[in-house]
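Novice: Residue numbers (UniProt numbering), protein chains in the order written: chain A, 1 to 371; chain B, 1 to 371; chain C, 1 to 371; chain D, 1 to 371.
It is worth saying that the hints were derived from the structure and are not from the lab.
Please read all numbers here as calculations on a predicted model, not as lab measurements.
Hints are not guaranteed to be accurate.
The list cannot tell twin chains apart, which means a pair is met if one copy fits it or any two copies do.
Listed next, the in silico DSSO-like pairs over lysine-lysine satisfying Cα-Cα at most 30 angstroms (straight line) [stated by the list, open to error]:
1. K203 - K260
2. K322 - K260
3. K260 - K49
4. K203 - K49
4 protein chains.
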Amino acid sequence: MSGNSIGRSFVLTSFGESHGPAIGGIVDGCPPGLPLSEADLQQDLDRRKPGQSRHTTQRRESDRVQILSGVFEGVTTGAPIGLLIQNEDQRSKDYAEIAAKFRPGHADYTYTMKYGRRDYRGGGRSSARETAIRVAAGGIAKRCLQTLAGVRVRGYLSRLGPIRTAAVGEPGFDWDQVERNPFFSPVAERVAEMEAYMDALRKSGDSIGAEVTVIAEGVPPGLGEPVFDRLDADIAHALMSINAVKGVEIGAGFDCVEQKGTEHRDAMTPEGFVGNNAGGVLGGISSGQPVVARLALKPTSSVRLPGRTVDLTGQATEVITKGRHDPCVGIRATPIAEAMLALVLADHLLRHRGQNADVRPPLSPLPASAP
Amino acid sequence: MSGNSIGRSFVLTSFGESHGPAIGGIVDGCPPGLPLSEADLQQDLDRRKPGQSRHTTQRRESDRVQILSGVFEGVTTGAPIGLLIQNEDQRSKDYAEIAAKFRPGHADYTYTMKYGRRDYRGGGRSSARETAIRVAAGGIAKRCLQTLAGVRVRGYLSRLGPIRTAAVGEPGFDWDQVERNPFFSPVAERVAEMEAYMDALRKSGDSIGAEVTVIAEGVPPGLGEPVFDRLDADIAHALMSINAVKGVEIGAGFDCVEQKGTEHRDAMTPEGFVGNNAGGVLGGISSGQPVVARLALKPTSSVRLPGRTVDLTGQATEVITKGRHDPCVGIRATPIAEAMLALVLADHLLRHRGQNADVRPPLSPLPASAP
Amino acid sequence: MSGNSIGRSFVLTSFGESHGPAIGGIVDGCPPGLPLSEADLQQDLDRRKPGQSRHTTQRRESDRVQILSGVFEGVTTGAPIGLLIQNEDQRSKDYAEIAAKFRPGHADYTYTMKYGRRDYRGGGRSSARETAIRVAAGGIAKRCLQTLAGVRVRGYLSRLGPIRTAAVGEPGFDWDQVERNPFFSPVAERVAEMEAYMDALRKSGDSIGAEVTVIAEGVPPGLGEPVFDRLDADIAHALMSINAVKGVEIGAGFDCVEQKGTEHRDAMTPEGFVGNNAGGVLGGISSGQPVVARLALKPTSSVRLPGRTVDLTGQATEVITKGRHDPCVGIRATPIAEAMLALVLADHLLRHRGQNADVRPPLSPLPASAP
Amino acid sequence: MSGNSIGRSFVLTSFGESHGPAIGGIVDGCPPGLPLSEADLQQDLDRRKPGQSRHTTQRRESDRVQILSGVFEGVTTGAPIGLLIQNEDQRSKDYAEIAAKFRPGHADYTYTMKYGRRDYRGGGRSSARETAIRVAAGGIAKRCLQTLAGVRVRGYLSRLGPIRTAAVGEPGFDWDQVERNPFFSPVAERVAEMEAYMDALRKSGDSIGAEVTVIAEGVPPGLGEPVFDRLDADIAHALMSINAVKGVEIGAGFDCVEQKGTEHRDAMTPEGFVGNNAGGVLGGISSGQPVVARLALKPTSSVRLPGRTVDLTGQATEVITKGRHDPCVGIRATPIAEAMLALVLADHLLRHRGQNADVRPPLSPLPASAP
């Protein structure tokens, strides 16, 4: 059943396969009156784009996004925004040989069991290619959050396999560094280490996991709809919906298991909260503190080293994934995670205050007649 | 906006405050033909019920659930199932003194900022009391899963603060032990240790976090609706929607950050998968492997030790939470987590195969006439 | 699959069968700060209540509604509102003999074919008994509309079989008359005629159809979400979801088929619209004109005269409906139609402006810390 | 808030303005394994296409639809289907002069009041241009209904202003005629009459309303989800969501107001139903009889004759609609109405039986390991 939409008031619906003619999406519910251009969205798309360094897949995509509707004279109209990105560099032949095999750790087997068939070219719908549209839509959500509520969403790579960078406020942490290296590392000192680690990893033909942290500052109190559509629950849903994610934390996350109540609860003073173990969410509703979430990304299963698997007939066989892949999908995940957090926050901002709260009609309503 | 429903095909909508006359819910989408009685649901409600041991809140609730509709002659009809549980032991006076203060780490502040007011009696809607209906509805979901697909959902306490029990297959792990102690510990040896820990904790007036693991066995391959309504994403949403949860993991969870691809990907053989780092989900779709999820529960902020906070006017003050509370909310969380996992699986089972796949009408359709 | 909820921002989910212990519902999304009591809802319930005159079913139900949650100290809190009405006067034996037969024109056959079984007592879920909860929830919607936007929803019986009353503004039309007769006729002169017609009809053992008109005044311009969730489309959905409704019109309705464009389009002047062929909706969005809708209700198929049908085995047989029924279900339909129109308008009002647009928190947000 | 999606299991989300670069949509939930090509959809698009005769707008659009995803090797995969239609013949200048005026009977005023601005080029989002995507998506729904359940959806023009054609079974009615004239008239004799009527109308510069009838044959019993998502209620919603529709009838429709119960209820015999006053729906669920619906379409307000209105500043003015318009929008409405009925039926078919009921995986599931 249809599972390609996310959000309730600010809704993204997406389509597209890795090796089809194009991928695209529709953002429905964006408030009117928002200045918006394709360039606004290109920025984040370029941050996600493959082939930016030797540490990511060498597939080349210009990832140029087109806005097909919902914007008139440079401003959103309240109508749905159609987004389109052409696929360019498709080497389908790379995948011919695995058409009849299930790559272990991939969606090949589950898609086939669910749908009875699959588009095997580059993973088809299950490819991370799909996340480009999330990033484009996330760009609209970011604009929306910034304009309507002054919310800022950003993220960084907190762990690359065994290499840990730093948390906000820790020594060496610098937001400005994040955009200055291909890893989104907030710690300059770690970059060389990561380069070396990745070079060795690539030689070995293996892959590695990573952890990304995303933070939203300026979130007003009151966002989130208990008891099920809590802000933290929807964030968990959105982040876990990203390819390769196996875990999500809010605030203290799993550390809270060993915390005492007196230690975990963030005291409140007229000067504000003391600490942020809550990660900006209490009872499923934003507290006004920064919203802090972490996600764990598994190592890609597409590696050059042979793996045991079965074929379409259930017979034992081996598979080696050629094609072009990220040895660490986490490296490009920061803009994607930011986009998902922005989509959830924009949705809840609009659920809370309404899409048209700021609309000023040009004239006062005409008088009504009798029925 | 309305956030009190969960699910798409098998939907729970709930209502009720901690100290109102009753709590209740509606399960809409339960397939017809399912044998169902109140006793079937009471079982899990009793497992969650407070006052079962000295380690949980002493509030006394019989938690008798009534089925008000949707069942005729002992069998579900396909009509919505109305559930009702009367509230009995309400000591509202316990809360009078905190009516004008925000308990730190609680939803008092966020509810007040969002709605402009709050039902301060026992946390009102934000009280864990609400989870009783989740457990009742989860019981229907479990029956549904068992009957339609042979799926079994169960869970255990994997960590109580610093005390770790064991994972399935590890030495000392025994499913039969889980129901034989007040902690849902699968390891008999740990129980005494936990008793001692909790007794000391209670004396100190503080509280502690915990980790629960839930597992679904017999899940057929094919459940989950990419790219957003993935099975793992919906599980993350459902588990994170439980009070006090700050983190969710599927399969290897955060351990995958330091795993290599060759180590993480579960090889496939005609005899089945080798390992289950995926936790039973690949590409957002069930693989047929057991679905394994873990959740981190924060320590309750309701402790006898004073905490700094502000009052309704924003002035600094102190608060001591009297009332009756669980020093470790995680202890009673196992049946709740099972219920949420069951609700998600039942929803996806019905999304995948349809609510009425098994319906056999008593007669063949009558011939149609011309328009 | 679950079909017992209506609305997106202001959502009613209902449950209950004609002869079960109780019927009930949950209103989720009602804004906080609204004064609300059971008495507020009882008013419309009493208008719909059976046995008010000899012209409706003699089933006796006090239809006392209980509010179980969402209201604290006489004011809504923003939490879901649980509604419950006990069933009292159930004569199940009346239905024993038709358990194995399908009443023609009823849902007996379709429910059985869909679900494989049915609760045959009084139509079970398909009974008009279910509409009592719609009326209770509609009462909340009316309060919401009145308080937030000054919208007034009311209706009247425009046709009873061959007897036509009058439209607003036509000679003899008087809103005050509507509540002064058992038919909700706005024309005093028609009442005696209707009494005579119904008495003769009852003697004959047959039933008759009717047409109800509902009107909402004070609807602000801007409600409705094109292109699918148009205000008129959602009104058509809500009114057609009422038992026995076979047709819905907005404004000029089917008369527009023979109208010219110059005749149909309502001219606009600084003094307001000239005419209301649009029925208050243009392009799926409210224009500020009164919203006018009409619905056609079929004659109940439950009549004392024998009808040809088949039994559970598909064999030909005859059926005579005993039990207690309305010879004209349209007579009691006015409060139900008002409720459905109010539910749609409240939903769209909140979709447009947000649930919490009026919320004033008691204190300004606490300052935020660093992440 | 987002209102550009329709359906629950088979969902169409659309975007696009009359004079933007393109219009498009996403069909999410189409079952896998369905043969599908662009040619399959082009057929209905050509039936709706403008400029087919002198009786419709002379705007020229090739309306070529592209399928961008969800189809692999000529067969649907279960992934969302992206649809795109380029806009070609845009004469925006036609609209410059009405940018500052509200055309009476149009959505100009309501869009402006709702969103604070509007894309005035050809009505922007409120233009009937949007219906082209409904027709394309409806083509997928038709294929789905035909393949999965043998359902056939078709329609005809039952009234053109004062000219009535005929109902199925009436003298002169012939399905084969429908596609042989530009009016979709099922009665050959009426065509000349209509030609003459339209020619005179065009000369006069005015427009006229129409009535369309749509019928679905072969609908299995059991479709529809009471009590709110009834099949007839969802049909009413879908048909009323079409531009210019002011009324919807199912079966006997408004005629039921004057019918007796013994007359309206369709008797049942082992040989089938006697009559179809129900229009194929009983209690909101399909009965297996043909589903019959009628819709009333208002005359377009875009006429060459001057109309009184106000401008953006609220001042009185006059407007004459130039541009190219259909003097009777009902003429091209038949394929659109068919599409909407097909979308609703496909959605309910999948809600009832599940999207993947027919899926046959190529291999049996691999054995599961321990958790």
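Novice: Are the hints correct? Go through all of them and say.
Specialist: Taking the hints in turn, this is what the structure says about them:
1. K203 - K260: between (45 angstroms within a copy, 13 angstroms between copies)
2. K322 - K260: Between copies, since 17 angstroms is at most 30 angstroms while 49 angstroms is not.
3. K260 - K49: Between copies, since 24 angstroms is at most 30 angstroms while 43 angstroms is not.
4. K203 - K49: within (23 angstroms within a copy, 56 angstroms between copies)
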